[in-house]
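Novice: As you go down the protein sequences, you meet chains A and B in turn. When the letters of the first sequence are read in order and numbered with the working numbering, they come out as residues 81 to 325. When the letters of the second sequence are read in order and numbered with the working numbering, they come out as residues 64 to 325.
Since the hints were derived computationally from the structure, they do not count as laboratory data. A hint or two may mislead.
[Said to hold, decoys possible] Examples of chain B residues toward chain A, derived with CB under 7 Å:
1. I161
2. D236
3. Y323
Virtual Cβ for every residue (Gly too), placed ideally from N, Cα, C.
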Amino acid sequence: MKKIELNDVSVSYIVGDFSTVGLKDVIIQKLKGTYTEKEFKAVNHVTFSIDEGELLGIIGTNGAGKSTLLKVISGIMRPTEGTMAVRGTIASLLELGTGFDGDLTVKENTFLRGAMLGYTREFMNDTYESIIQFAELKEFEDRRFSHLSSGMKSRLAFSIACLVKPEILILDEVLSVGDGAFRKKSEDKMLEIIKGGATTLLVSHSLDQIRRMATKVLWLDKGNQVAFGETKEICDKYEEFLKRR
Amino acid sequence: MLDAVKNQITQLKKHKFLFEELVKRDFKKKYKRTALGMVWSLISPLMQLLIMSIVFTHFFGRDKPHYTIYLFAGNLTYAFFKDSTYGGMSSLMSNAGIITKINLPKYMFLLSKNVASLINFGLTLIIFFIFAAVDGVVFHFRFLMLIYPIITLIVFNIGCGFILSALFVIFKDIQYLYDIFTLMLMYLSAIFYYTDTYPENVRKLFYLNPLYVYITYIRHIVLDGYIPGIKTHALCLLYALLAVGVGAWIYKKYNYKFLYYM
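Whenever a hint applies, use it, and build me the whole structure from the sequences.
Specialist: Structure (structure tokens):
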């Protein structure tokens with residue numbers, strides 16, 4: 081069965097001055113008639129579908145709309161046009177390290193993040209030890225989160241999301257952090273999850289990684305879908321495209 | 064309508080763990096960093112009460128019995144409203160890092176902030192009763208009816224929090240405008256003065272101010288010894304439902320649009 085299906089999906093952002101000016105200014109601008117709001121299409125008519133157990137690599141230069149697309153799939157944003165079906169529980173790791181609270185301890189943050197990802201307290205009580213072991217942060221568990229290095233932070237975030245066997249795993253530039261040893265370990269862990277039948281979306285700038293892991297590739301450029309299909313073919317083309325730039 | 068409520072309840076159950084963790088977080092953040100912790104949040108309204116009673120007893124309270132309790136009732140309600148709505152206002156923006164990354168019901172952040180304010184209010188309320196007892200206020204069974212203005216006030220606060228948090232996402236200067244607004248509201252809520260010297264039709268205007276209604280209800284029970292009439296009850300409920308109704312509508316309408324402004 082198709083786990084994720086996107087049909088002609090477009091996403092627009094509203095852009096304007098409102099986020100920098102305040103209510104007073106907006107009222108004055110509206111009275112004067114100079115108030116403007118623009119739409120900006122971050123994702124433009126994207127269509128693809130992937131089966132259970134596949135790993136879709138999403139590639140493209142900065143501003144290609146990769147992260148926006150992931151936000152739509154994880155339900156944070158809604159497509160402005162087109163239809164979408166996502167079947168299964170999602171664990172999403174968009175930009176690691178964010179959404180944690182620096183004032184709380186590592187342990188408190190682990191439980192909070194677990195709760196955000198929709199796990200139960202019982203589950204977290206049972207799994208906490210293996211999460212903290214996998215992240216190699218046992219001796220830091222009572223330290224304040226803000227005292228961790230950025231590598232440690234992403235290790236923790238990765239461990240929380242991955243030790244739970246989600247049906248759909250969304251990873252945004254996750255594996256490019258952490259030291260070499262952990263990177264190897266996390267790749268193994270991900271392959272294990274994928275073999276266990278999970279469907280994975282992976283955004284990465286490491287083409288090498290995409291080549292090794294992805295079963296399908298989606299290439300975006302400035303919001304437009306350039307290609308979707310076999311890993312080798314598209315990666316080759318993308319590499320050429322990067323060289324020509 | 065009923066289905067929607069049922070739906071919300073199952074949602075809440077599903078997110079019970081998250082809600083508990085958020086409450087814990089907000090609570091810890093609120094008190095962890097201050098030396099006196101929770102004691103400080105009690106001292107500050109009491110200091111305010113002390114100052115106000117020193118200054119105003121001379122002007123307004125000379126021939127009134129239990130003036131300090133009268134003042135306290137007003138202050139207590141106003142402080143709860145202010146604390147809850149200020150916390151509510153920032154609840155979306157301060158969790159922007161989470162909201163833009165993980166798909167969660169946004170009202171959870173507001174509700175968890177409100178729990179912290181509610182605990183504070185509860186503790187101040189206990190002190191209020193102690194003061195009242197010391198001041199010789201006679202306790203009576205009708206005090207149980209205080210639950211009515213308190214519950215409607217909680218709902219009213221949550222509703223205002225909804226509205227303010229949504230506005231704050233879009234307009235960052237709402238904070239300063241709200242400072243001015245709450246200051247004006249304080250002077251209009253008859254916290255330290257009496258309204259019985261105003262002509263009848265002016266006094267009616269006070270009831271346009273929701274806070275005044277809640278304060279008056281509490282004062283009638285504690286100081287005047289009677290439960291207010293049906294009209295006051297209706298007003299308490301009306302303001303609460305209005306605030307929550309408008310707030311929920313905004314949240315529903317802008318649920319997916321907040322993101323653009325964060």
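Novice: Each of the hints needs a verdict: does it hold here or not?
Specialist: The hints, checked one at a time:
no., hint, in the structure
1, I161, "4 Å, holds"
2, D236, "3 Å, holds"
3, Y323, "5 Å, holds"
Violated hints for the displayed structure: none, as all numbered hints are satisfied.
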